[in-house]
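Just so you know, the protein sequences line up as chains A and B, in that order. All residue numbers for the first sequence refer to UniProt numbering, where the first residue is 1 and numbers rise by one. All residue numbers for the second sequence refer to UniProt numbering, where the first residue is 1 and numbers rise by one.
Hints are supplied without guarantee of correctness; some may be wrong.
[Unchecked claim] Dumping the calculated DMTMM-like pairs for lysine to aspartate or glutamate here, alpha-carbon to alpha-carbon at most 20 angstroms:
| id | chain 1 | residue 1 | chain 2 | residue 2 |
| --- | --- | --- | --- | --- |
| 1 | A | Lys-90 | B | Asp-114 |
| 2 | B | Lys-72 | B | Glu-26 |
| 3 | A | Lys-63 | A | Asp-22 |
| 4 | A | Lys-68 | A | Asp-56 |
| 5 | B | Lys-179 | B | Asp-139 |
| 6 | B | Lys-63 | B | Glu-77 |
| 7 | B | Lys-90 | A | Glu-158 |
| 8 | A | Lys-159 | B | Glu-163 |
| 9 | A | Lys-116 | B | Asp-75 |
| 10 | A | Lys-160 | B | Glu-163 |
| 11 | A | Lys-178 | B | Asp-139 |
| 12 | B | Lys-116 | A | Glu-74 |
| 13 | B | Lys-15 | A | Asp-111 |
| 14 | A | Lys-127 | B | Glu-124 |
| 15 | A | Lys-116 | B | Glu-74 |
| 16 | A | Lys-90 | A | Asp-75 |
| 17 | B | Lys-116 | A | Asp-56 |
| 18 | A | Lys-116 | A | Asp-56 |
| 19 | B | Lys-15 | B | Glu-26 |
| 20 | A | Lys-15 | A | Asp-83 |
| 21 | A | Lys-159 | B | Asp-162 |
| 22 | B | Lys-160 | A | Asp-171 |
Because the hints were derived from the structure by calculation, they are not lab data. Fair warning: this is a prediction, and the values are worked out from it, not measured in the lab.
There are 2 protein chains.
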Amino acid sequence: MMITEALRLQSQGSKHLHFLIDVNDEQIIYSNQSFINQFSDIKNPAALLPYIENEDLKYVMEKYLACKSGEKVEDFESRVYIDGKRHVYKIAAALLIISTGQHIVGCDAEDITDLKDYINVLNEHNKKKNSILNIVSHDLMGPIGIIQSLSGLLNDPEKKTDEQRLYQYIDLINRTSKKCIALIRNFINQEFLESSGVSVVKKKSN
Amino acid sequence: MMITEALRLQSQGSKHLHFLIDVNDEQIIYSNQSFINQFSDIKNPAALLPYIENEDLKYVMEKYLACKSGEKVEDFESRVYIDGKRHVYKIAAALLIISTGQHIVGCDAEDITDLKDYINVLNEHNKKKNSILNIVSHDLMGPIGIIQSLSGLLNDPEKKTDEQRLYQYIDLINRTSKKCIALIRNFINQEFLESSGVSVVKKKSN
Numbered sequence: 001m002m003i004t005e006a007l008r009l010q011s012q013g014s015k016h017l018h019f020l021i022d023v024n025d026e027q028i029i030y031s032n033q034s035f036i037n038q039f040s041d042i043k044n045p046a047a048l049l050p051y052i053e054n055e056d057l058k059y060v061m062e063k064y065l066a067c068k069s070g071e072k073v074e075d076f077e078s079r080v081y082i083d084g085k086r087h088v089y090k091i092a093a094a095l096l097i098i099s100t101g102q103h104i105v106g107c108d109a110e111d112i113t114d115l116k117d118y119i120n121v122l123n124e125h126n127k128k129k130n131s132i133l134n135i136v137s138h139d140l141m142g143p144i145g146i147i148q149s150l151s152g153l154l155n156d157p158e159k160k161t162d163e164q165r166l167y168q169y170i171d172l173i174n175r176t177s178k179k180c181i182a183l184i185r186n187f188i189n190q191e192f193l194e195s196s197g198v199s200v201v202k203k204k205s206n
Numbered sequence: 001m002m003i004t005e006a007l008r009l010q011s012q013g014s015k016h017l018h019f020l021i022d023v024n025d026e027q028i029i030y031s032n033q034s035f036i037n038q039f040s041d042i043k044n045p046a047a048l049l050p051y052i053e054n055e056d057l058k059y060v061m062e063k064y065l066a067c068k069s070g071e072k073v074e075d076f077e078s079r080v081y082i083d084g085k086r087h088v089y090k091i092a093a094a095l096l097i098i099s100t101g102q103h104i105v106g107c108d109a110e111d112i113t114d115l116k117d118y119i120n121v122l123n124e125h126n127k128k129k130n131s132i133l134n135i136v137s138h139d140l141m142g143p144i145g146i147i148q149s150l151s152g153l154l155n156d157p158e159k160k161t162d163e164q165r166l167y168q169y170i171d172l173i174n175r176t177s178k179k180c181i182a183l184i185r186n187f188i189n190q191e192f193l194e195s196s197g198v199s200v201v202k203k204k205s206n
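Sequences and hints are given; from them, build the entire structure.
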């Protein structure tokens, strides 16, 4: 008695959304304070559907049906829109068969929006960095290849280059090397800006 | 009655570790299956302390005392060692005062080891990439700077370079440009290896 009362108090005060669906009546027979704060006192589980991101609806329905038929459902994610704001919930649900024989689906939904956003920033940052790396390495490869070819040509003892062309080539090598240096400088600055961007997000999330 | 029974069944089956501590007796009066799987049927909460990472002990004790005096504790993390394996738990705890006046601390601990590892890999990957970027950009900056200086020198109409020195410089420019190209190639290969490393981890964690 003491334990069940404590568990109910714990559920009531949890930051996670807790709710119980009576499977026969398709009625929400219990919801905790966090649930009520988000969805008010909804009794019909179907009234939750309009909040769910369209793309996730089919998946959520499948999970609910699986759960009703006894499958334990853990850590599935769904995007939900409340007052125009996007949330991501991580949901665990299980079929509970109580002593009266009643079938109840118990759900625990945790708002993991901030965590998802943080991981997305890290991933985006990695992706963006990869693309910068590709651009820079290829953008440098070209000009340095030109320098290599020209200097190789000038260096070839078999092919004597006339003086006018020699200085044309040297001038081209000089201008190309300047371009490379400007490119690297730009790139270092951009990198620096982006890295500081990530550390700000990290602090917010810790 | 039906609801409290369902909530208890839900707690029993949860993947999270649930346990209730009677504050007066300092006794664990309830623990769910996931808790028992990790710590067997421990009744004395002090018996949990040896599992906790030394560095986290003081922090965990502070949180427990805060919780006992009525503060709601959410999402604090502690490292725990079970059978030599490191786990990270995210813990929520609250003081529950039941109708008999008894004070109970209710705890919910979620094993977030995989998630933490995943975020660590992403962060490490970002850090490593930053250091590669620094090395590469500085390692390229030097040789390209040499090319620029040498070609600038040769290009200067005021300073006529004698033929022997001219071809020495051109040879040096050629060898330096080859070094740069080798450096970029190496770097692209290394990048490629590391990026594929991260996508493997990502799949495992999804």
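Which numbered hints turn out to be false for this structure?
The structure conflicts with hints 7, 17 and 19, although it agrees with all the remaining ones.
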